[in-house]
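Visitor: Mapping of the sequence shown onto our numbering: position 230 corresponds to residue 840, and the numbering continues sequentially without gaps.
These aren't lab readings, by the way, just hints derived from the structure by calculation. Please note that the accuracy of each hint is not assured.
Pairs of lysine to aspartate or glutamate residues, derived as DMTMM-like cross-links and limited to a Cα-Cα distance of at most 25 Å, are as follows [as the list claims (entries may be wrong)]:
hint, residue 1, residue 2
1, K746, E799
2, K770, E831
3, K777, D710
4, K666, E709
5, K777, E804
6, K791, E781
7, K780, E831
8, K773, E799
9, K768, E786
10, K780, E799
11, K785, D771
12, K785, E840
13, K791, E825
14, K773, E825
15, K788, E840
16, K791, E804
17, K770, E799
18, K773, E709
19, K768, E709
20, K770, E840
21, K773, E804
22, K770, E709
23, K768, E825
24, K785, E825
25, K746, E781
26, K770, E781
27, K780, E825
28, K780, E840
29, K785, E799
Restraint-style ranges between C-beta atoms, simulated for each label pair [claimed, not checked]:
hint, residue 1, residue 2, range
30, L797, I819, 23 to 31 Å
31, N793, F842, 17 to 25 Å
32, P824, L797, 19 to 27 Å
33, R651, S821, 36 to 44 Å
34, K707, F764, 25 to 33 Å
35, Q803, T762, 50 to 58 Å
36, N798, I819, 22 to 30 Å
37, R810, I745, 34 to 42 Å
38, I678, T762, 41 to 49 Å
39, R789, E709, 25 to 33 Å
40, R651, F729, 18 to 26 Å
The structure presented is a predicted model; accordingly, all values stated were derived computationally and were not measured. Backbone N, C-alpha and C define an ideal beta-carbon position, used for all residues, glycine too.
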Amino acid sequence: MSIRQLLSMLGAKTGEFGIMEFFISILFSLGVGIICMFFYRLYFIRDIQRNESLAKSFIFMAPAITSIFWAIQYSLPLSLGLLGALSFVRFRTPIKKSEDIGFILIVIALSLLSSIYRFIAATGLLCIILATIFIKSGLQSVLSLKWGRYITAFVSVKTKDIKQIDKRIKETLLKEFKRLKSNNILLNEAIPQEAGYSLRYSVYFRRYIDSMLPEIITVLESIKNIERVEVFYGKNIP
611 MSIRQLLSML GAKTGEFGIM EFFISILFSL GVGIICMFFY RLYFIRDIQR NESLAKSFIF
671 MAPAITSIFW AIQYSLPLSL GLLGALSFVR FRTPIKKSED IGFILIVIAL SLLSSIYRFI
731 AATGLLCIIL ATIFIKSGLQ SVLSLKWGRY ITAFVSVKTK DIKQIDKRIK ETLLKEFKRL
791 KSNNILLNEA IPQEAGYSLR YSVYFRRYID SMLPEIITVL ESIKNIERVE VFYGKNIP
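Required output: the full structure, derived from the provided sequences and hints.
Guide: The following block contains the structure:
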């Protein structure tokens, strides 16, 4: 049964500019925007640099795009005018992640399907996207267990005895992280400061998971004479 037949049975006005059809399309696209917002957060669940503003904009973007497509599908002049207008649209803020563009295109595709009442197709696309996100998350979890990662740690110490504090840092890390080897901890740089030194370490974890990061910071901060700790990710190494 088509949407027009269903709406006719309900006594709603149908046709080119049926208000009830438009209202249902907007409601569906609003739900799609909310779902896309949660999909975006799920996709970047481990990324602290995700664009939360973009995710929230999906709620407004989807109904707006649906309204545009719903209006221009009945008018060729409007369609051509919109095409010319969009040719001047530019992103004022650079998009840092290519995945952001992908999610914007997904919202546009779902909004287009909503405007032509292809709700089943839109639901199918949402299911495919959700399955893709779960597959990506599963593969990422497996690879994070099999791949190693370099960690760069900047440690500010309140002592002039570099040898002693370096020995204490390495012994503490080796004690807390059983799989860590002594040759995987390297002191790269020691910069003199007023009260002590700023030390830069490179630490290689053969079996690294994201939950280890706060543990590394806690372990280093527990060492005596350490004033400040900053830890940065390095690249994954097979």
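Visitor: Which of the listed hints are not met by the structure?
Guide: The structure conflicts with hints 1, 3, 16, 18, 19, 22, 25, 33 and 35, although it agrees with all the remaining ones.
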